[in-house]
Structure formats: structure tokens, C-alpha cells
Amino acid sequence: MSDDVGARLRALRTLRGISQRELAKRCGVTHSSLSLIEQGKVSPSVSSLKKILDAIPMSVGDFFTMDLESRNQVFYSAEELVDVGSGDVVFKLIGANRESRALSFMVETYPPGSDTGREMIAHQGEEAGVILEGEIEITIGAETRILTAGEAYYFDTNVPHRFRNPGNMPCRLVSCATPARTF
1 MSDDVGARLR ALRTLRGISQ RELAKRCGVT HSSLSLIEQG KVSPSVSSLK
51 KILDAIPMSV GDFFTMDLES RNQVFYSAEE LVDVGSGDVV FKLIGANRES
101 RALSFMVETY PPGSDTGREM IAHQGEEAGV ILEGEIEITI GAETRILTAG
151 EAYYFDTNVP HRFRNPGNMP CRLVSCATPA RTF
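To convert, note that position 57 of the sequence shown is 57 in full-length UniProt numbering; the numbers rise steadily by one, no gaps.
Honestly, the hints are just simulated from the structure, not real lab data.
These figures come from a predicted structure and were not determined experimentally.
Heads up, a few of these hints could be off.
Stated by the list, open to error - Pair ranges (Cβ atoms, derived):
1) Thr178 <-> Ser35: 18 to 28 Å
2) Ala7 <-> Tyr76: 24 to 34 Å
3) Pro170 <-> Thr30: 51 to 61 Å
4) Ala128 <-> Val42: 28 to 38 Å
What the hints assert, rightly or not - For lysine-lysine, the following BS3-like pairs were computed, each having C-alpha atoms within a straight-line distance of at most 25 Å:
5) Lys51 <-> Lys41
6) Lys50 <-> Lys92
7) Lys25 <-> Lys41
8) Lys25 <-> Lys50
For glycine and all other residues, C-beta sits at the position ideal for the given N, C-alpha and C.
From just these sequences and the hints, can you work out the full model?
Following this line, the structure appears as C-alpha cells:
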């Protein structure tokens with residue numbers, strides 16, 4: 001049991017970005033006592049644990065029920081990004097394997113002359129993005145604008161929209177859309 005408490009306390013402290021010395025100072029427990037608790041060599045009393053958790057701050061109940069380990073993949077190499085684009089357009093989806101994705105976060109590449117299709121797209125949600133390189137012509141409803149590196153957009157996706165690269169070099173942008181789309 002003390003190993004569990006110590007490991008959980010160390011994980012929580014690290015997650016919150018608090019040093020052992022800082023936490024010891026905040027809660028009035030000696031640094032050596034806190035170190036022994038985290039190593040699982042000493043089991044704290046309930047009142048000592050409450051005193052330590054109050055300094056974080058967190059309740060004892062939350063401490064024992066909080067999931068400190070991510071069940072989903074957190075980091076992705078470039079090779080792990082799944083291409084969900086069509087035609088010449090590349091949409092590298094980040095987190096495609098996450099069970100309960102709440103958004104679609106992508107790195108998009110539009111070769112010169114490519115587009116999302118002749119038909120305008122519309123779906124529920126919101127979308128935002130920033131152009132990294134090149135240029136992209138974006139049509140949102142009756143409004144059209146060409147954006148270049150450093151410029152950004154944000155719109156309601158129920159308004160019909162279309163993306164097209166009118167330039168002579170590839171356009172790369174990062175976008176985020178809600179809710180998560182299944183491709």
C-alpha cells in the first residue's frame with residue numbers, strides 16, 4: 001500500500017511540476033520524510049497525506065481515484081501520422097488511434113493546383129488553422145481570401161467551404177476541427 005501511495009504522490013507531484021523540496025516547504029513536512037514516502041519506505045498517516053495533498057491542492061478521494069497514466073498514445077513520430085486525405089491533398093491526422101478523439105488535428109499539404117473538390121464542404125462544428133508555408137485560397141460561403149504563411153482562419157463548418165492552392169509551390173498548414181471526424 002505504501003508503495004502505491006508513494007508512487008502516486010511522486011507521479012502527481014511531477015505532473016504538477018512541483019519539486020520535492022517545494023512540496024515539503026508548502027505542506028510543512030520535512031524533505032527527507034517526503035522522500036521516504038515517495039520511495040515507499042514510509043507509509044504516511046491519513047492526516048499527513050491530507051496535509052501534503054492540501055498543498056498541491058487535491059482531495060484525498062481524488063488522489064486515489066485520479067488516473068495518473070494515460071491510456072492513449074501521447075507522442076507521435078512523423079511516420080505514425082495517418083494520411084486521411086484524398087487525391088493529391090495530404091491530411092496527416094494526429095491521434096487517429098485515440099478511442100475518444102474530441103477533435104481532428106491535422107497537418108495538411110496541398111500541392112500546386114490541388115483543392116478539396118469542386119463541391120463546397122459543410123458539416124457541423126468549427127475549424128481553425130494557420131498557414132505554415134505557401135498560399136491557400138479559402139472560400140467560406142460567399143467570401144474568398146488567399147492566405148499566406150503566418151496567416152490563419154477560424155470558421156463555423158456548417159457554412160459551405162472549399163480550400164484550393166492557386167500557387168506554384170506546395171501549401172502546408174496546421175488545422176484543427178471539432179467535432180472529431182471519422183475519415
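Each hint tested on the structure:
no.	hint	verdict
1	Thr178 <-> Ser35: 18 to 28 Å	44 Å, violated
2	Ala7 <-> Tyr76: 24 to 34 Å	27 Å, holds
3	Pro170 <-> Thr30: 51 to 61 Å	59 Å, holds
4	Ala128 <-> Val42: 28 to 38 Å	49 Å, violated
5	Lys51 <-> Lys41	19 Å, holds
6	Lys50 <-> Lys92	45 Å, violated
7	Lys25 <-> Lys41	20 Å, holds
8	Lys25 <-> Lys50	15 Å, holds
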